[in-house]
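Novice: Count the sequence shown with my numbering and you get residues 1 to 464, in order.
If you are wondering where the hints come from, they were derived from the structure by calculation, not from laboratory data.
Check the hints yourself; a few may be wrong.
Claimed, not checked - When the alpha-carbon atoms are kept at most 16 Å apart in a straight line, the in silico EDC-like pairs for lysine to aspartate or glutamate are as follows: (1) LYS239 <-> GLU365; (2) LYS53 <-> ASP42; (3) LYS376 <-> ASP392; (4) LYS357 <-> GLU334; (5) LYS179 <-> GLU384; (6) LYS356 <-> GLU371; (7) LYS239 <-> GLU134; (8) LYS333 <-> GLU300; (9) LYS319 <-> GLU384; (10) LYS219 <-> GLU300; (11) LYS319 <-> ASP392.
As the list claims (entries may be wrong) - For each label pair, taking beta carbons as the anchor points, the in silico distance ranges come out as: (12) ASN304 <-> LYS53: 33 to 39 Å; (13) LYS77 <-> LYS25: 25 to 31 Å; (14) LYS25 <-> HIS169: 22 to 28 Å; (15) LEU59 <-> LYS25: 42 to 48 Å; (16) GLU370 <-> GLU334: 48 to 54 Å; (17) SER439 <-> GLU361: 45 to 51 Å; (18) VAL60 <-> LYS93: 27 to 33 Å; (19) LYS210 <-> ASN157: 41 to 47 Å; (20) VAL369 <-> GLN122: 49 to 55 Å; (21) GLN122 <-> LYS390: 46 to 52 Å; (22) GLU91 <-> VAL369: 48 to 54 Å; (23) SER459 <-> LEU59: 18 to 24 Å.
Note that the coordinates shown come from a computational prediction; the quantities given were computed from them, not determined experimentally.
Quick reminder that beta carbons are idealized off the backbone N, C-alpha and C, glycines included.
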Amino acid sequence: MTNPEVNKFINKISKLNEDASTFDKLAVLAKESNLINPEFYDLYNVKRGLRNKNGTGVLVGLTDIASVEGYSLQENKKIPAEGQLFYRGIEIKDLVAGFQKEKRHGFEEVVYLLLFGELPRQNVLDNFNHLLDETRQLPSGYTENMILKIPSKNIMNKLQRSILVLYSHDENPDDITIKNVLRQSIELIARFPTIISYGYQAKAHYFDHKSLFIHSPQKGIGTAENILYMTRSDNQYTKTEAETLDLALILHADHGGGNNSAFATHVVSSSGTDTYSAIAAAVGSLKGHKHGGANIMVREMILNIKENVSDYHNLSKLKDYLLKILRKEAFNKEGLIYGMGHAIYTKSDPRAVLLKKKAYELAMEKNRVEEFNLYKNIEELTIELFKELKPDKVITANVDLYSGFVYEMLNIPPELYTPLFATARIAGWCAHRIEQIVSDQKIIRPAYKTVSVEKKYISLQERK
């Protein structure tokens, strides 16, 4: 809403309740009427956040797409273990080692693996890459009418709306046969880089008053290079930059069926709705700062540390400030060191391990090793602090600690951090959607216990 529309709406609400000249009192009323007694959750054995008391996730489904391993269970207790991530049964470190050994990009191969459950032969991969290349362009008039004429300050919002508009450009949008859903999935996977690149260019031009650059996606260079090509005014990038972004996309492509956006895809797909609605819902989930926006919080924390620690290379001073953050005395006072800790990984996050190694290589090329050491020191000092403060808790760096730094070194604007996550994760979302349609036709419908007290209706004249 524009400001006049907001004021008009507030005036209407105020007339309904003379005491509410602003939303303040209404907000208090809304909060009070929706607050459930915390004791009820234990009383009714509610699995808040679909988590068991020991921190493990409630088993609500089965998946063959990706597996996240970070601990073992002994007598219902978590036993820390080195983290492992599997795509269709293949460990991520082995996949990455294969790409890097052959000195080639791997994201498209991972997309194929997630969708079809097997590694493609060379000719199959070539044909799949050709299919993606033929689909990267947006429909006629779409760029002008959907992106340039309706720019958004938030690229995730732009992406979500753009997905829904693609429904109108699809001659068969509601058909959920696997053949049709697969076509839609491949089109979305191919077009995400174009949408987020153009969405950013529109935002930069209309809101930040920068020059507008609209570069057509190029054939034969793949997803990572196309993103760098389309987001940069001069289209230039180095081999290491392209390799690093390709790795980041691979590591974010999927993370099992239980992560918030993948679960959202399962839930919405189980209703029998169309592909565009399901994927738009996943984007909405990823947009939240507790999910896809975490690397932005890492960046803000790093900027805060640089502003408040006179010599952040001094380990003692840095450790003292990290302790203040944990004690809710510094940064946003939430007591979290962003980029540290994970719901499943305990001893290590394999994505962070792999990205950290590539981040160092890129930092060498960019002459930013000292800044890389800041991230490394935050990781090591946080682990040290937890050993001192919470000896029973094992903590590790997660992929968000290094992904934001990588994007920054790649000169990718912060507005694109989460959209890049979505551009990678669309592969997993589409795989999970197809798996839901094929394997489990039952609509997902968990139970909620009603705790309201029965009340009698009061006529309008008798209300006080």
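Novice: It remains to establish, for every hint, whether it holds in the given structure.
Specialist: Hints, one by one, checked against the model:
1. LYS239 <-> GLU365: At roughly 11 Å apart (the allowed maximum being 16 Å), GLU365 and LYS239 satisfy the hint.
2. LYS53 <-> ASP42: holds, 10 Å
3. LYS376 <-> ASP392: violated, 23 Å
4. LYS357 <-> GLU334: violated, 30 Å
5. LYS179 <-> GLU384: Status violated; Cα separation ~52 Å.
6. LYS356 <-> GLU371: holds, 13 Å
7. LYS239 <-> GLU134: violated, 24 Å
8. LYS333 <-> GLU300: holds, 13 Å
9. LYS319 <-> GLU384: holds, 9 Å
10. LYS219 <-> GLU300: Given pair LYS219, GLU300 is violated - Cα atoms ~36 Å apart, limit 16 Å.
11. LYS319 <-> ASP392: violated, 20 Å
12. ASN304 <-> LYS53: 33 to 39 Å: holds, 34 Å
13. LYS77 <-> LYS25: 25 to 31 Å: violated, 47 Å
14. LYS25 <-> HIS169: 22 to 28 Å: The hint (22 to 28 Å, Cβ to Cβ) is violated, given that LYS25 and HIS169 are roughly 45 Å apart.
15. LEU59 <-> LYS25: 42 to 48 Å: Taking Cβ atoms as reference, LEU59 and LYS25 lie about 44 Å apart, which means the hint holds.
16. GLU370 <-> GLU334: 48 to 54 Å: Cβ of GLU370 to Cβ of GLU334: about 28 Å, so the range 48 to 54 Å is violated.
17. SER439 <-> GLU361: 45 to 51 Å: violated, 40 Å
18. VAL60 <-> LYS93: 27 to 33 Å: holds, 28 Å
19. LYS210 <-> ASN157: 41 to 47 Å: violated, 19 Å
20. VAL369 <-> GLN122: 49 to 55 Å: Given range 49 to 55 Å: violated, Cβ gap about 37 Å.
21. GLN122 <-> LYS390: 46 to 52 Å: holds, 50 Å
22. GLU91 <-> VAL369: 48 to 54 Å: violated, 29 Å
23. SER459 <-> LEU59: 18 to 24 Å: violated, 49 Å
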